[in-house]
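Following the hints, position chain B against chain A.
Each protein sequence line maps, in turn, to chains A and B.
Residues 1 to 425, numbered by full-length UniProt numbering, are exactly what the first sequence covers, in order.
Residues 1 to 309, numbered by full-length UniProt numbering, are exactly what the second sequence covers, in order.
Treat the hints with care, since some could be wrong.
No farther apart than 16 Å at their CA atoms in a straight line, the calculated lysine to aspartate or glutamate pairs in the EDC-like style are these [said to hold, decoys possible]: (1) Lys169/B / Asp140/A; (2) Lys168/B / Glu184/B; (3) Lys134/B / Asp144/B; (4) Lys58/B / Glu85/B; (5) Lys169/B / Asp148/B; (6) Lys254/B / Glu85/B; (7) Lys254/B / Glu217/B; (8) Lys114/B / Glu224/B; (9) Lys294/B / Asp361/A; (10) Lys174/B / Asp140/A; (11) Lys243/A / Asp361/A; (12) Lys294/B / Glu282/A.
The following residues of chain B were derived to be distant from chain A, with all beta-carbon distances above 12 Å [claimed, not checked]: (13) Ser57; (14) Glu60; (15) Ser70; (16) Gly77; (17) Gly90; (18) Ala150; (19) Val162; (20) Lys174; (21) Glu262; (22) Thr299.
Since the hints were derived computationally from the structure, they do not count as laboratory data.
Predicted, not measured: the structure shown is a model, and the values here were computed from it.
Don't be surprised by glycine CBs; every beta carbon is placed ideally from N, CA and C.
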Amino acid sequence: MDILRNFKQFIVDTLGLMLQGGKLYYAWVAFLLLLIGVGGFAYANQLNHGLIVTNMRDQVSWGFYIGNFTFLVGVAAASIMLVIPAYIYDWGPIKEVTILGEMLAITALIMCLGFVLVDIGRPDRFWHIMPLVGRLNWPDSLLAWDVIVLNLYLLLNWFVVTYLLFSSYLEKHYKKALVLPLVLLSIPMAVSIHTVTAYLYNGLAARPYWNSAILAPRFLASAFCSGPAVLLILLQVLRKTTKLHITNEAIFKIAELMAYTMGFNLFLTAAEAFKEIYSGTEHMVYFQYLLFGIERNGVHYNTLVPYAWASIITGFIAFLLFLIPRTRTNWITLNLGCVLIYSSVYIEKGMGLIIPGLTPDALGEIFVYRPSFTEIAVAAGIFSLGALVFTVMLKAAVPMMLGEFTISKGRRAVDAPPEAGPIEA
Amino acid sequence: MTDQLPMPLQTGCEPSSSCDSRREFLGTAVAAVAMALTGCGKLSKEEFLQHNFRELSKDEVQTIIARLESEYKAKYGKTVKVGTEPAMPGVIFGYALDLSRCIGCRRCVHACVKENNQSRNPEIQWIRVLEMDKEEGVNLQHADQYYDPAEVPREGHFYMPVQCQQCKKPPCVKVCPVGATWREKDGIVVVDYNWCIGCRYCMAACPYGARHFNWGEPGLTPAEVNPDTHYLGNRPRPKGVVEKCTFCVQRTRKGLYPACVEICPTGSRKFGNLLDAKSEIRQVLEHKRVFKLKEDLNTQPNFFYFYGV
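So that you can see chain B by itself, here it is in the shape it has in the complex:
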């Protein structure tokens, strides 16, 4: 529709403006109320009236992408591409993490933040690395996320990175009151950041602490912006909505590895298509013995842990 700046909010009718039709006027009035509610003047009528992503026609999607790209251009002063690549047929993504190799260096954590345009201030991290006692085994009540030694791994400890487990039965999707989050055909659980109302019920429902909330306006400088984005993935988020790991949907649907897999210096992270018998992930499932975190909750993750050595 327009690739200029987001439409400024109209509070009254000017002779030449688009207030001719009553419907448009009503829309503007509703947007004005909404603006007063959010306390920010940046909410455009189009954004306010935008419907759930899964209900949009192709034309509507294109209009929205154009609007978002122009908004990002205005905000960050650079061209940000917002992709909408759908799930590839015949693909369900799976992930496996080798607990015996991980050294807890947190390179994955920071590569993820960089790739996925998370807020830097306050910093949101989709991967949390837990330091655990070897004597305790996997015991969350003996886990420390804030370990800070000069060198890792520390004597007597092992490390367990936790991120979204992309469950086959995701409790977060079930509880969302507005259907703002769902599981895509390739098994990735995504969030429509323009539909989420920020109630945080999904965060209470997630057994893995994988969902994160934009408590304030995301602090992301233009230099930090990764311009290759996906609508359901790493595009810059507004405040007041929930976000989560998407297995780097903007990369993996183009055949690239997720950023965390690519950066891992120990090769602890394995990723691939669960439906492809020759994939690395299937090799892991075939030759190693895997387990799932909090298996008893029957969330059925597509994220597996194993001991490779």
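Just chain A, same shape as in the assembly:
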């Protein structure tokens, strides 16, 4: 069949595009491979000795790995932020951006699965959690739900991206009747992956810090701040380094949408803080550990305090920068805002979520957790793996999106592509 032969050629050409590049490309890939190697080495050591090489213990039984996992689920979910206006309101300038958003989602999901894998004590028993082969405790366990929705979302995005690029490669317009339902499906899917991840914590009555009804809404609101922040910076890099045409209008529109979600995120955080602090029950102790520290037997435990306030302050400044049209359309303040909101959410949905949930522990003990060198090295390895996946995907996708590289043209001319206008797909 033609389609199969063409698809095979598409895969071969995609791999070819990924392997060819300028010096800068090779240097970047080599740098990422080096970091992946460091992470791999640290992980091998962890496999040998067990999770004892991390600083997690019975009291704080989840840490840096699961914090990063949670944050990245948010990044993966946030791609719908761009899909909604592009496909529902048929808002032109943002459309080429959505495929990048979907690739970012794929990357984030790969990193999510990586962080789960490195966190489990028996990765050799991974098949126990696979549907049908193993024994998935569904529907009781929210972790079972999460395994299902994350993998479905990964497959969905993977399919849409591959299909759009393949159409472009065949110099055909994609079939709207196929893409639109899938893209529409990806919207509730994106909401569901982050909701299910929030429920994972939310459902634990043993941990009052997580057992709050607005946890899932807070997850979504913060994800729709941090995910697009990554994209805004990526888009600017891409239009400088490639011929990809991205209008200022598209970037400012995303920034405007982000201002609303940031405002909502701050409102939800304030609502949570009010309830805890004003009612002042014994459940406030976790918030207190996060925001002010706790004193026990003359020792002041305040490891998280500077981070917590940094997160709140940077989040607030970013909100103002995105809210005011003048700073939103100024490149310096816009990018500053992106960095600030990204850091804010990274702290809030990473360590700021996991650690106070487990400190003090179920019996009131305060165990001070900081990630070990192994945890940081492994995490760096996973982030580098994500960056590598995203880099090679972009490397192949950009010339195809631009129509520079198709089944009939572009071969051997990758380094000096012809001029091309904005992509149509």
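This is chain B only, laid out in the frame that chain A set:
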């Protein structure tokens, strides 16, 4: 199947080996990948492919027990018996702890470690004794697990040992993604150490800090090994899995008291069959006023606290 050493991992085919069938070869290949993943060469194909304990046939259980016993023999140089006694009909175990008698001597903690083959280095303790202020009452935010005076009890303090509360609605069982932990018919919540993937979701879900993780390879010397074990209880554990108090399932299903009950010098610990109207535990429930720890969470423990005097 075999009562020799665990089957060494095969990475290639030898003429006389069992690689004839494609299925076996695939199994070996998968086990090799798994070995690379765990970074240890000790994982046998049988162990890798072993299914959840509740899904095994009697024959499969026997094979697994034989394999485990030979593994323990090789590792500790002594015969370790791995029992599989099921729950006795008509029995639901209950536990009651007299807060007015407990003096915080921690004898229960150490008897438990000895009986249940916990890792000694680092030491895992299933019972945590909390020292509390008399003026505060039961308040976990004023509890200290690391009290170390020359003599107990200390003036102005009382003691509250906490271990698995064997809940009727155990949140740990609900959250386990693979069904590696469940509540048995006699009310004991157990873990299949060969099925647990080590995700530690149960530890986050437990309101009593009753679940413990083998962060490293359990440090247990041959001299320390208690050879009378149960598959779902005190058999030596591998690294990377969760473990917990089982009311000494290896003892109580044979009509013995749990080790912590037996050792307690003050008689603070009461144990028995909740379905037997004449049992000591029922006497406590009848004549004393009991309470449950973190009652508001509706975990419905079969572990009760009371003030006996």
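Are there hints from earlier that the structure breaks, and if so, what are their numbers? 5, 7, 11, 19, 20 and 22
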